[in-house]
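Q: Based on these hints, arrange chain B with the ligand on the given structure of chain A.
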Amino acid sequence: MAEPLHTLGARAAAERVRRGELSAAALTDAALARTAATEPTIGAFLTVCADEARAAAAEIDRRVAAGDDPGPLAGVPVGVKDIICTAGVRTTAASRILEHFVPAYDATVVERLRRAGAIVAGKVNCDEFAMGSSCENSALGTTRNPWDPARVAGGSSGGSAAAVASAACPVTLGTDTGGSIRLPAAFCGVVGIKPTYGRVSRYGVMAFASTLDQVGPLGRDVADTALVLGAIAGHDPRDATSSPRAVPNFVAAVEEGVRGLRLGLPREYFAAGLQPDVERAVRDTIRALEAAGASVTDVSLPHTEYAVATYYLVSSAEASSNLARYDGVRYGLRVEDAGGLGAMYAATRDAGFGAEVKRRIMLGTYALSAGYYDAFYGKAQQVRTLIRRDFEAALAGCDALVSPVAPSTAFRLGERLDDPLAMYLSDVLTLAVPLAGLPALSVPCGLDAAGLPIGFQVIGRAWDEATCFRVAGAVEASGVWTPRSPLP
Amino acid sequence: MLDGYEAVIGLEVHAELLTASKIFCGCSARFGAPPNTNVCPVCLGMPGVLPVLNRRVVEFAIRAGLATGCTIAEHSRFARKNYFYPDLSKGYQISMYEQPLCVGGGLDVVVEGVARRIGLTRIHMEEDTGKNIHDAHAAGSLVDFNRGGVPLLEIVSEPDMRSPAEAGAYLRALRSILQYLEICDGNMEEGSFRCDANCSVRRIGDRTLGTKVEIKNMNSFRNVERAVDFELARQVQALQQGEALHQETRLWDPDRSETRSMRSKESAHDYRYFPEPDLRPLVVDAAWVDAVRAALPELPPARRQRFEAAHGLSAYDADVLTQRKDVADYFEAMVAAGAGAKDAANWITTELLRIVREQKLDDALVIREWPIAPTRLAALARLVEGGTINRNTAKGLLPRLLGTDVDPAALVAAEGLAQVSDRDALDRAVRDVLARHPEQVEQFRSGKEKVLGFLVGQVMKTTGGKANPQVVQQLLRAALSS
Ligand SMILES: [Zn+2]
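Line order of the protein sequences matches chains A and B.
Letter 25 of the first sequence, counting from 1, is numbered 24 in numbering that gives the first Met the number 0, and no numbers are missing.
Letter 215 of the second sequence, counting from 1, is numbered 214 in numbering that gives the first Met the number 0, and no numbers are missing.
Okay, chain A solo, but in the shape it has when bound (with noise of 0.2 Å):
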């Protein structure tokens, strides 16, 4: 019996594809009715867009008829973040003030996406403006965890994760800022990348915290992962930020294997805390990459402690500058006759805004006032740059760190929502590496005594994903993990 066409994976899917041997109509109704099962009970997406991927598929499979090749990723259903531009598709934030937002614009990497051939099925789920570590701070809806709905996808990137997770899309992108798209891959079972600050364009990308947003995919496996970052990565001439630096090929690296590589491991990210499940499998995933021929040490990284407070400094006092446009002026909510227009701003940011969204607001604006400026923001930059040195101190002696990703596996609804530093400790492995501006990724590495899993860190040098791939790769071939989904 064949395989359903949903549990394709995103190379297999392309290739049949590019070859004629199978429609990208057929893969993208696949995705569909596969999203209509799951969804009532995983709400990965905001908005499922139905009839443009239709279109899309007819015209790949128009254009493979002519002889024509359509990319590499021909054909394959892709879950967007609902916080990356679609031209003519609404793009939310998953929050109030931009419900019925609709851009003019695709974002850089959806119209890279969508030159290699792939289909956007859907706008996935996030916290509101990418604050969050569960999916619950969405104004438009929870996404619930594949492996267990009672439990949290993790966010911010929380749909990206549970969509690829419940196989209604092979591929999806979503965005990191500290650790939005690691955590959630490591709770959902799901491999996810976040690559080095500036491999990937932000254009189109809403800004939540400009040094440390990065866009990157989530796939079930550590190639279809590669072969997206690959689509989607270089140099864009509408992003200041982003690098001329040729792209090497990921999925090459996938193949490589580990012998010969040096890995690290941050004395730090091993402390107390972490649940016995989660260092257990960890632990047992280095003893399989050193099978394989990696040889391990121990590095520390001695400013972790102020990485928490340092990335909540930054990234809060960006945001309350990036989020300055929404203001009801020009596009989005408005809150009418609130009585002038000062009066107008405050209504419209009060309405539309939710309560973590405004928590990190003032705690950026505080940060950068004048007379605070220097205590808080200015001192959190400092840090920020010891912190950096710590990692290029532990990476000159080393081709790449593991760790665990999180401290525990997704934890219960509900369960930390009224304890915000609760909750942004679950990021506390995490936050550190955008601060550095380093590629990082998750993949998964065995289930707990709950049944979910738990996700592996691999973070590299700069520039260097390929060995994050290489080491995923082999975490992969080791059998400790095998890609799958945990919905019939």
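Keep in mind that the hints were calculated from the coordinates and are not lab data.
Note that the Cβ used here is the ideal one computed from N, Cα and C, for glycine as well.
Among these hints, one or two may not hold up.
[Said to hold, decoys possible] On the chain A side, residues computed to face chain B include the following (Cβ under 10 Å): (1) A92; (2) E317; (3) G370; (4) A374.
[Said to hold, decoys possible] Distance ranges between label pairs, derived from CB positions: (5) A:L420 - B:E157: 47 to 55 Å; (6) B:A301 - A:A345: 52 to 60 Å; (7) A:L486 - B:D284: 52 to 60 Å; (8) A:R89 - B:E357: 55 to 63 Å; (9) B:E157 - A:G377: 48 to 56 Å; (10) B:P280 - A:A345: 31 to 39 Å; (11) A:A36 - B:P280: 46 to 54 Å; (12) A:L420 - B:C39: 37 to 45 Å; (13) B:E97 - A:E58: 44 to 52 Å; (14) A:A345 - B:R255: 47 to 55 Å.
A: The following block gives chain B with the ligand in isolation, referenced to the frame of chain A:
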């Protein structure tokens, strides 16, 4: 004038740059298009868009910095200035703050014969905002974002000016330089050259600065001088009456000729500046600076000196001719076409600039389509110099030459306008006039020299204006003394 007090004035000028496109996107930066036609997602601050710096803006800023003696910083960077206002699309303005591109430098001005150097604090780049339009629509105010993202230079002086006249001289010198560099049209009425003044007074001899007041909304050089003048007098009067001044922003009301309070410092914005995270720090290497320097035109002070030295012009003429680069270029073209320097200067300052003002051509940054080509005006000047026609005939011909390519010499020949210098012919006319005006002859002989002018005029009249006035005078004197 200020009764024992001394004025301390510093100026902040915002100059809109004449780049083809805006500072952070590809939209046209041209003035005067229908509202919201020169806009794109980037300058409208739509979600997700990013700024990309226009290299030409940096080049213009380096030009301005070099021309005013600034140091060009190798490392500079943009910052965000955060505040809410409907004409500000992103909720912040991208400007430079702690690390400006140009620092130091200064401008030399001469006021009532006294040369002064006014220091510059900094020159930096920023984006302009949009424009609110009130009362155009019953339902509320509208915003036009055509101007949003147009590049600006902010040029900040040291508080080195001591009188409204110095402030005016500084502004004129600054505008002149920007026009020479062809980076700003300097049009105050259209707002492409805007000025805010910081004014305070202190007792003569005091070293500390007095309470500073910022004046906005001045849209002409004359208004800047009047506003500063009013404000200084107001401050002195307040101090003499024992009132305390407070730091504030005041608006100039040209209709009522007074400044009035706009907002006090207490309610001033906290702009929450921080480094612009969407742009990399700006690196301007020495090679770039050298290339811009090599392409700089000769600037007004150097050109003024050269005109005095090489062409023997008076300081006054040299100054008038060099205030605008296009005028100075015109002068040099006339001289190259054979006109004498002093003659060329006279023709330009008395006739040409009057026509330029009448035709409102001086609104343009650079006049490229002159109403009369420099070679033609030089030809006309040569006809006078060579005695072919007199100056009055030449002036009378000028309107007929405007906008044409007619050679003045050909016109004079065709219409027989050449002046009569023939002594016999003129002598007859002189005797005829003397015979008809015995009364005036009598007056002259009794010592009333002024009558000679009347008699010359009569001879000119009888010869249809073509007589050579010098010859007429000689002949008249000879006849009267015989
Ligand atoms: Zn634009």
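Q: The structure should be examined with respect to each hint, and the outcome stated for every one.
A: Against the structure, the hints come out as follows:
1. A92: OK, holds: A:A92 within 10 Å of chain B, min 7 Å.
2. E317: 6 Å, holds
3. G370: 9 Å, holds
4. A374: 14 Å, violated
5. A:L420 - B:E157: 47 to 55 Å: Since A:L420 and B:E157 have Cβ atoms about 50 Å apart, the given range 47 to 55 Å holds.
6. B:A301 - A:A345: 52 to 60 Å: 56 Å, holds
7. A:L486 - B:D284: 52 to 60 Å: 58 Å, holds
8. A:R89 - B:E357: 55 to 63 Å: This hint holds: roughly 59 Å between Cβ atoms.
9. B:E157 - A:G377: 48 to 56 Å: 27 Å, violated
10. B:P280 - A:A345: 31 to 39 Å: Hint holds: Cβ distance 35 Å, inside 31 to 39 Å.
11. A:A36 - B:P280: 46 to 54 Å: Given about 51 Å between the Cβ atoms, the range holds.
12. A:L420 - B:C39: 37 to 45 Å: 42 Å, holds
13. B:E97 - A:E58: 44 to 52 Å: 51 Å, holds
14. A:A345 - B:R255: 47 to 55 Å: Given range 47 to 55 Å: violated, Cβ gap about 35 Å.
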